[in-house]
Amino acid sequence: MALPALASARGFQSVVAGHTLLLGQIAWYRRSELFSNRRQFASQPVEKLSQDGQLGKSASFTSSSPPSSPSSGTTSPVASSSGASSVQSLPPDWEDQLPNLENFSQLPHQDFGKNQLIETNEEFKRSLRQITRQFPAITYAFAYGSGVFPQTDGSTSSASLSPHPNPPEAITKWQKGGGKMIDFIFAPKFTEHFHSLNLMRHRDHYSFLGSFGSSVVSHVQDSYGAGAYFNPYVTVNGTLIKYGVVNFSTLLRDLTDWDTLYLAGRLHKPVKILTEEPNIRVANQRNLMAAVRCALLLLPPQFTEKELFTTIASLSYQGDPRMSLGSEHPNKIANIVTHQIRNFRLLYNDLINSLPNVDYAESSAPKDASWIDDLKLDRPMTQNMESAFRGNMVRRLPKSFRQKVYFLYQRKFGIPGREFQEMLEASADEDAKGSLKKPLGSDFDRRVAGEPDIPEMVAKAVNQTVKWPSAVQSLKSGLTAGPGRALRYVREKRAKGRQ
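Numbered according to numbering that gives the first Met the number 0, the sequence shown spans residues 0 to 498.
Please keep in mind that the hints were generated in silico from the structure rather than gathered at the bench.
The model shown is predicted, which means the values in this text are computed figures rather than measured ones.
Errors might be hidden in some of the hints.
Quick list of in silico lysine-lysine cross-link-like pairs, DSBU-like style, CA-CA up to 35 Å [said to hold, decoys possible]:
no.	residue 1	residue 2
1	K241	K437
2	K375	K241
3	K437	K403
Using C-beta positions, here's what the derived DEER-type ranges look like [stated by the list, open to error]:
no.	residue 1	residue 2	range
4	S441	N165	56 to 66 Å
5	K188	E424	44 to 54 Å
6	N99	H192	16 to 26 Å
7	Q129	S386	48 to 58 Å
We treat Cβ as the ideally placed atom computed from N, Cα and C, and that holds for glycine.
Given the sequences, and given the hints that come with them, work out the whole structure.
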């Protein structure tokens, strides 16, 4: 293994050589809708379906928190909902505009995307924000994982098992005495500048790579894996944390196109957003809607609520080597959904409610205020399997991911290369002026959606998207975390996988 040699490297060229030994010639993996017999929809154009689907659904569940009116992209608004239905907060055609926003007042609706603002205890949220304030300026930040949202029954643990040296009381109470390392993602606009300032403040957070300066750190971050740089096992405000740094543009692109699903997949699950930016809120809403559509393409006509959320939560784990190598708990995905069902409902209900081709078989479910906290997970759901609906879903998949699905069917159908290239150009998201085109399902989209193997093909495309960047990112941890912390992380993950 090349890690010992790398650890003793004395110059930048040794790092390059270490990259060659460890990563070979790896380069970052970049771009390369119970409709209750709604037959009236089936006879209308797909464009009309999408709009009428929103108008035809019941009002969404909303929380009782007071609304807020954010005016800048630097501070996360208070999680809330004004009681508006998804008809209002998800206006027609909101997906058909490129986000280029300067502040939150330019969102499609004042409540747009507030489903993303999952609530936690106020003191706990304040403690998390105080941690982020120990770092240079961050444009978008969120905390995630079992340290923020429990994946077990929540039984109290012994404080002696806590990994935190001297945590704030709010964190100890939220984690019920024991606690786990808290994971963060930080997305500054300019990561080299961020690393330069962060190295001056927290040199001890970095491995030996930090000795070569911010340009090398940024190069390793951006050029390999999914474009993230993780520093694990560092203590801030008496709390053990792991934080990943990613370029703002990389995060925005993955949310929009699903280049790697490494970041977009984390946001498919409930997270605690700590610092907000309006363009990311729009992009993440598109990301969440894409996750619903992708899951529906993987599911049969009838399924349960748990199956839907489990399919969504599992997307970013398909192809992840940590799952196949026993580095994650075997019931991790089921635990996430079971113990976070309320937050999954809050996150996705407006989006499910806006689609005309999927609904709860028990139509009263989402209208009942008690439903949001009901632990019943086997509520039946149903989706319309007509080609007009499913072809529209294929066409609205994120660009990079959709092209993978297209390539799989090009090989299956034996479509000549030139003809296929012309088809790709015709299905481009942008027109010649750079504006988004109306994404209506084509004959090819409907043909693909009607194939009996569409679940297998979509699953294969997910695997292709996740596997390589995730594997390289894992290998890169030997450099970014350093051999000692990397081995500690692997040991703890393997121990968790054996539980």
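To see whether the hints hold, each was checked on the structure:
Of the supplied pair hints, the one linking K241 and K437 is violated, its CA atoms being roughly 41 Å apart against a limit of 35 Å. Proposed proximity of K375 and K241 is supported: the alpha carbons are some 34 Å apart, at most 35 Å. Between the alpha carbons of K437 and K403 the distance comes to roughly 21 Å, so the proposed pair stays at or under 35 Å and holds. Taking 56 to 66 Å as the suggested C-beta distance range, the pair S441 and N165 conforms, at roughly 59 Å.
Here the CB-CB span from K188 to E424 is close to 32 Å, at odds with the stated 44 to 54 Å. Roughly 23 Å separates the CB atoms of N99 and H192, a value that falls within the hinted 16 to 26 Å. Q129 and S386 have their C-beta atoms about 53 Å apart, which keeps the hinted 48 to 58 Å range intact.
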